[in-house]
Structures are given as structure tokens and as C-alpha cells.
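Q: Those protein sequence lines, which keep their order, are chains A and B. Per this note's numbering, the very first residue in the first sequence carries number 149; after that it's consecutive. Per this note's numbering, the very first residue in the second sequence carries number 378; after that it's consecutive.
Please note that a few of the clues may not be correct.
Said to hold, decoys possible - No more than 27 Å apart at the CA atoms, straight line, and that leaves these computed lysine-lysine pairs for DSS-like: (1) A:Lys180 x B:Lys582; (2) B:Lys393 x B:Lys582; (3) A:Lys178 x B:Lys630.
Claimed, not checked - What follows is a set of in silico ranges between Cβ atoms, one per label pair, in the way DEER data are often shown: (4) A:Gln184 x B:Arg386: 27 to 37 Å; (5) B:Gly399 x A:Gln184: 33 to 43 Å; (6) B:Pro656 x A:Gln184: 55 to 65 Å; (7) A:Ile208 x B:Gly399: 51 to 61 Å; (8) B:Met657 x A:Ala163: 19 to 29 Å; (9) A:Gly206 x B:Gln792: 15 to 25 Å; (10) A:Gln184 x B:Arg759: 39 to 49 Å; (11) B:Met675 x A:Ala163: 51 to 61 Å; (12) B:Gly399 x A:Gly206: 29 to 39 Å; (13) A:Val233 x B:Gly399: 27 to 37 Å; (14) A:Leu274 x B:Gly399: 18 to 28 Å; (15) A:Gly199 x B:Gly399: 45 to 55 Å.
The hints are simulated quantities; they were obtained by calculation from the structure and are not laboratory data. All C-beta atoms in this analysis are idealised placements derived from N, C-alpha and C, irrespective of residue type, glycine included.
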Amino acid sequence: MPLDGGGRILQPLSAPRRPRALPRDPAPSKWKYRYQRWMLTPGVRGLIRIGVPCALIGIIAVSWYSHGTNKEMVAAKWEEVKATVQQRPEFMVSGMDVVGAEPVLADLVVATVPMAFPISSFDIDLEAMRQKVEELDGVRSARVRVGEAGHLKIDITPRIPVALWRDGDTLHLLDEAGTFAGVVETRTDRIDLPLIAGDGAQDHIEEALSLFRDAKPLQERIRGLVRMGERRWDVVLDRDQRILLPAEGAVAALDRVIVLQQASDLLDRDVAVVDMRNADRPTIRVNREAAGALHRAGQTEAGN
Amino acid sequence: MGDLYDSQRAMRNMRKAAMQRGVIAILDIGTSKIACLVLRFDGPETFRGADGVGSLAGQSSFRVIGAATTRSRGVKFGEVDAMQETERAIRTAVQAAQKMANVRVDHVIACISGGRPKSYGLDGAVDIANGLVTDGDIGRVMAACDVPDYGVDRDVLHAQPVNFALDHRSGMADPRGQIGNQLNCDMHMLTVDSMALQNIFFCIKRCDLELAGIASSAYASGISSLVEDEQELGAACIDLGGGSTGISVFMKKHMIYADAVRMGGDHVTSDISMGLSVPMATAERIKTFYGGVMATGMDDREMIEIGGDTGDYEHDRRTVSRAELIGIMRPRVEEILEEVRVRLDAAGFEHLPSQQIVLTGGASQIPGLDGLASKILGQQVRLGRPLRVQGLPQAAIGPAFSGAVGLTLFAAHPQDEWWDFEIPADNYSGRSLKRAVRWFKDNW
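Put together the whole structure using the sequences plus the hints.
A: Printed below as a string of C-alpha cells:
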């Protein structure tokens, strides 16, 4: 080697680099050996291969989610995704059909569940809607479903009114169970239905109806039934006549009155009240004039 | 004897448990290397070929899924000499094999090559009560064998029935169900030093492993390197190991004699080390690269650099001719083979119908050994390699692994031993409840 400056080659004093010798004893230490065996145990292997990554992912996810903004972001994103799915045309409801109800009731039903169409079927609470519809007086039961072509279909089974019940100035319709089935403006709207009145009348529709059936011969004259003292019925006829029926055996008592009427035209006379409350002693109250006339007739007779 | 029964039975139960788990390790603790194989058992059907051939030689129901060897430390003459060192070496091998197999093993089957094995031939005879030989009769006839006084410091390693004779018919493998009056049994019993056995037990226990069986390494080498006809007709397997040379004689597929010479390849190495004054590692390298036992004229000209690390040029550049090396190795190899010859003669090997001798083990790879051995041991000498087992790595199919491979076969198909049969009820005094239960079972 040419040495320009005339210097000398210095031997390095540091130890020459040697290839690293293998350790004399490659044996694992006792704990290393045990650790390796432990790691080869199937349960531990499974735990580390599946459990640890899962736990790590879970921890990261929870710590990320615990930040307020991230939480809101997730919630907003979730709502957005939900909305895009729910607003798909397949889930939209575009109209409402009310089936099985008369037009008046149908209008009432539509008014009860106001809805702005189109609306997603996810936003409709069918059960609540059904309950709301069933709360209407004229509806006995209702079935609500989203039918074909995205139409909300409300199947109504209406209540069938069998009587009118006068409560003060309003006339209620009653079905056979005594439940309100609507309101009518005037008596002439439902002239076909019998009229009842009085407190507690609605609980005894059955009895009232049987009295009405029984009173067929008096149909022309009958005005209605009045429940007296929540205990018994009065039959109110025109010309302010009344038949007072007992609490028990009302039908039989009415029958007797009808028989009397047919036999001796009792009710065509100037009678104000036929009191049948005591079956042993039917009583008749005549009108004042009639009573006076009767009185006078007696006097005349006596005077003659 | 009861103690032996218990420990051997415990090992058999352990083996059964290992079979159920399907993973078992083989540990060949030798003087020069420790080999560990991890076997997976999948039942006989799993590896069955499509052509309908069942298990051949019984070894197809398992495969080797992990193999590792390490330099042995602390073992001398096949016996544990330094417990800590051996334990570390076992840990190394087991850990590497486990890593390769990717499975944890808890049960090991080990072999012992040292411990001064000693063979005994026993025989016993019983009268058959009802004319028909049953399982209980087998147990009885084995219990009737008169056990020699083999010493308090020795343990029985193998006790295998090798021959049954019923009246005048001999050479039966399985007399059960046959009719006769007197049943005779020949048994081969192998005992080893208790201390050597206990040390191996203890070493394996310290590695958190359970011992599921223990076999003599000479026996294991024999079953792996002798082919079927050799085992049937009579052959000796010479396992030339590092620190000891195992001898096992087979006849009718049973081991009938086993012994060990406490010399092996390591002694050849130490001779080279002393003769050439080189370290053991260098001597080992020279032996494996240039060693031989038959010198030719060519070997005088082949110079071997034996090297050195002293810094003295003359010393570090020494060479020897290969003929000199052979001159060092040959006397020791001859000595070993002569000793083997003595043992075989003592065993009466020349009376066997076939006198095949199979050399195996790591030291059998010395070039020219078969020629030398045929001069000393007889004409019928061949070099043996272990049987092929499924999944064994290429590096582990050499003759040095015949012991380990033999242990895999032993693990898959252990031979019937004395303790596999029911102990006759009158031989053990305790467990009277069990006896009562059995009496009830037999009578109702």
C-alpha cells in the first residue's frame, strides 16, 4: 500500500470483530420452557388468537365512542342511514283507505288519525292508531295494516246502534251492550230506534229492548222508556201517559196493561198513570179533569 | 413385585390417556444426542390408503409431526450423569419438537440405553382347570414363573412372554381358547439399574412431562431396524450408540436377549482426541469426515489437517494421514465388536436358526464397518436403517435414529408385557373388596 505521507500503518488495538459464537448451551430456561408450553396449550392459543384481538378492538372502539363528539357523530350517522332506508319508496305509505264504515264514520276515522302523506311505514305506529280508532264511539273493532300499493288500510267493524238514549239535550246511540255508538242531532234522524232515558238506562238495554218488543201493540203511542231511580222502568206514552213498571217482572206487568188495553181500551181513556208497581194492586191515576168529572158525576148521581 | 406392577400399570394408563389425546412424544436420551419426536395418533382409519391396504407393520396409525435433536449433555454410558444438564438438554429437544409440531405434549415415552441391562429367561407352568385356556390362565402362568433374585437395586424393564406351550405343543403365540391340561410359558425379563431408571424418571418429571412408557433402547432399535423375517428367524441388532452399544436378539418376533456394552462412538472420538491431541469437538469432526476402519494404500497419501487454535504455526498446521486415523479408530471399534461377540456367545446366539447381525446406531456409519464386523461377528452382517415412518424428516431417517423410530413403533404397538395381564387374585393380599366383587361377577 503506498503511503504518501511516509506514515505507518497502525494496527487497531480494539478486538477484531468475530462472528458471534453460538451460546454454549442453547437450552431454554425453566420459565421460558414453561411459558412456551403454556402458550401451546390449546385454550391459551385460542384465547390469544381470538380473545386478545377482539378485546383490543373492543377497547379501542369503546374509548373512541366515549368521546362526546364521536358519540354524536355515530348517532347522527345512524339516523341518516336509518332515514335513507326508511324513506325508500318501497316503505312509503301514500294514502289511507277506510273500509267497512259509513261515510260519516269514515270521515270521523280519518279525522281521528291525521296523517301527512306520503309517510314512511316505519314512522307509523299501527297499534297506537288502532287503539285510537277503536276509542271512537261508532267503532267496535278496527284492523290497521299497510296494504298493497302502499296504502294504509283500516278495516272497521262499526257498532250497530239498537237504541237512542237521551241524556239532557243530546241523543246518544247505544249498541246492544249499552256502549255509546255515536250521537244524533235529532230524534227524527233515527226514528227507527227506540228511545230510552234516565240514569242507568244504558246498563239495561237488554231489558228495555224486550219491553219494546213486548209493547208492539202500543207501538203507535209509545214515546220511550225512562229508567226510574236506576231501578225500574216507566213506559212513556203520548198524551203524557205513563205506565209504571215494577223492578221485577216488568214484562209481565206490561203484558197485563196491554191485555187491559185490548180488553177495555184502558189507555185510550183519560188516564194519566197506570201504576203496576205493586202486582197485587194495580193503580190508575186519572187526570185532574177526569177526576173532577168523575167526582161531579158522583155528586150528580147523588143529587138526583 | 407389586410396586413394579403399579408403576408399569400407571405408565400403561398414561399411555392410554395420551392415545386419547392423540399426541405423544418420544424421547431418546442417548449419550451423544437427545432426540425428541412428537407423534400424532389419528386412529387406524385416517391414513388408510385408497387401495384398501390396511396398516402395514402396524405403524400407519400415527405420523411424526415434530422432530428435534440436540447435543446431549450430562449423559454418560446412556445413564444420567448430571441431572441439571440432562434436564436442560431434554427441555431443548422437547421445546424444539413442540415448536415444530405446534402442539403441547404432556406424555413421553423414553428409552434407556445404559443401566447395565441384564436378561433373564423365566419359565412357569400351571394346570388348566377346565381344559380351556382363558385370560386368567395366562396371568396365572406368568405369575407362576419363578423370578430369579435379580437384586434389590434393579428394576424390571421388560417382562414379555415369548413362548407358550400347551402340553406338548410348543411355539404358540396365543394359547387362549385352546384346549389342554398344562400351560407352560417362557418369559424374557430384562432388568436395569434402579438408579439409572429413577434418574430418567426424575429428569422427565422435572421437565413437566409425564412418562407414559419406558423401553430398552436396544429393544427399540431392534424393532425398528430388523425386518420381519429377521425378527422371525433370529437376528441380533447391534445398536452402536455414543456411549453404549446395545445388543438385542430377536427370535419369533420376540426379544429373547438384550445386553449392552458400555462402549461406543464417544470412545472412538476420545481415542482420536488423545491420539492426535486435539479437542473432542475437532476429533468428532475428523471422525465423521475422514473416519474409517479399513485402510488402503490410498489412505497413506490422504493427509488430513487437524488444525489447532494455539497460535503456534507448527502446531496449528499439523496433518495426519487417513491411515493413521484409521489406525487409531480400528482397535477401539474392534474392541467394541469383540465385546459384542462375547456377549452374543454368552447368550447362545450361534444356536439360532439364522444368525443375521444388523448394525445400526450412529457409530455404524463408519465406512468399512460392515467388513470389519463380518470378520468378528460372522458372515451375515448388514447395516441397518430404521423403518420408515410417516412424517419423519429426512434428517432423522439415518441409523442414528433407529432407537427413536423404534420407540414410535413401541408407542403405537406395545408388546404384551407381564403387567398387561390380570394379576391372579391369590397373589395380592389387599384389595379384598375387589376380590369379593370379582367373585360375585364370576359366579352370577
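Q: Please check whether Met675 of chain B and Ala163 of chain A have a Cβ separation lying inside 51 to 61 Å.
A: violated (43 Å)
Q: Determine whether the Cβ-Cβ distance between Gly206 of chain A and Gln792 of chain B falls within the hinted range of 15 to 25 Å.
A: Roughly 55 Å apart at Cβ, these two residues miss the hinted range, so it is violated.
Q: Would you say the C-beta atoms of Gly399 of chain B and Gln184 of chain A sit inside 33 to 43 Å of each other?
A: violated (20 Å)
Q: A range of 19 to 29 Å was offered for this pair. Does it hold for the Cβ distance of Met657 of chain B and Ala163 of chain A?
A: holds (27 Å)
Q: How does the Cβ-Cβ distance of Gly399 of chain B and Gly206 of chain A compare with 29 to 39 Å: does it lie in that range?
A: Once the Cβ atoms are compared, 34 Å apart, the range 29 to 39 Å for Gly206 of chain A and Gly399 of chain B holds.
Q: Sort out whether Lys582 of chain B lies within 27 Å of Lys180 of chain A, counting only the CA atoms.
A: Given pair Lys180 of chain A, Lys582 of chain B holds - Cα atoms ~17 Å apart, limit 27 Å.
Q: A range of 27 to 37 Å was offered for this pair. Does it hold for the Cβ distance of Gln184 of chain A and Arg386 of chain B?
A: holds (32 Å)
Q: Ile208 of chain A and Gly399 of chain B, beta-carbon distance inside 51 to 61 Å?
A: Given a distance of about 38 Å, which is not inside 51 to 61 Å, the answer is violated.
Q: Given the hint of 18 to 28 Å, check if Leu274 of chain A and Gly399 of chain B actually sit that far apart at their C-beta atoms.
A: Hint violated: Cβ distance 59 Å, outside 18 to 28 Å.
Q: In this structure, is the beta-carbon distance linking Gln184 of chain A and Arg759 of chain B contained in 39 to 49 Å?
A: Given about 42 Å between the Cβ atoms, the range holds.
Q: With the threshold set at 27 Å, check whether the alpha-carbon distance from Lys393 of chain B to Lys582 of chain B stays at or below it.
A: holds (18 Å)
Q: Taking 55 to 65 Å as the hint, is the beta-carbon distance of Pro656 of chain B and Gln184 of chain A inside that range?
A: Violated: the Cβ-Cβ distance is about 33 Å, outside 55 to 65 Å.
Of the hints listed earlier, those the structure fails to meet are numbers 3, 5, 6, 7, 9, 11, 13, 14, 15, in rising order.
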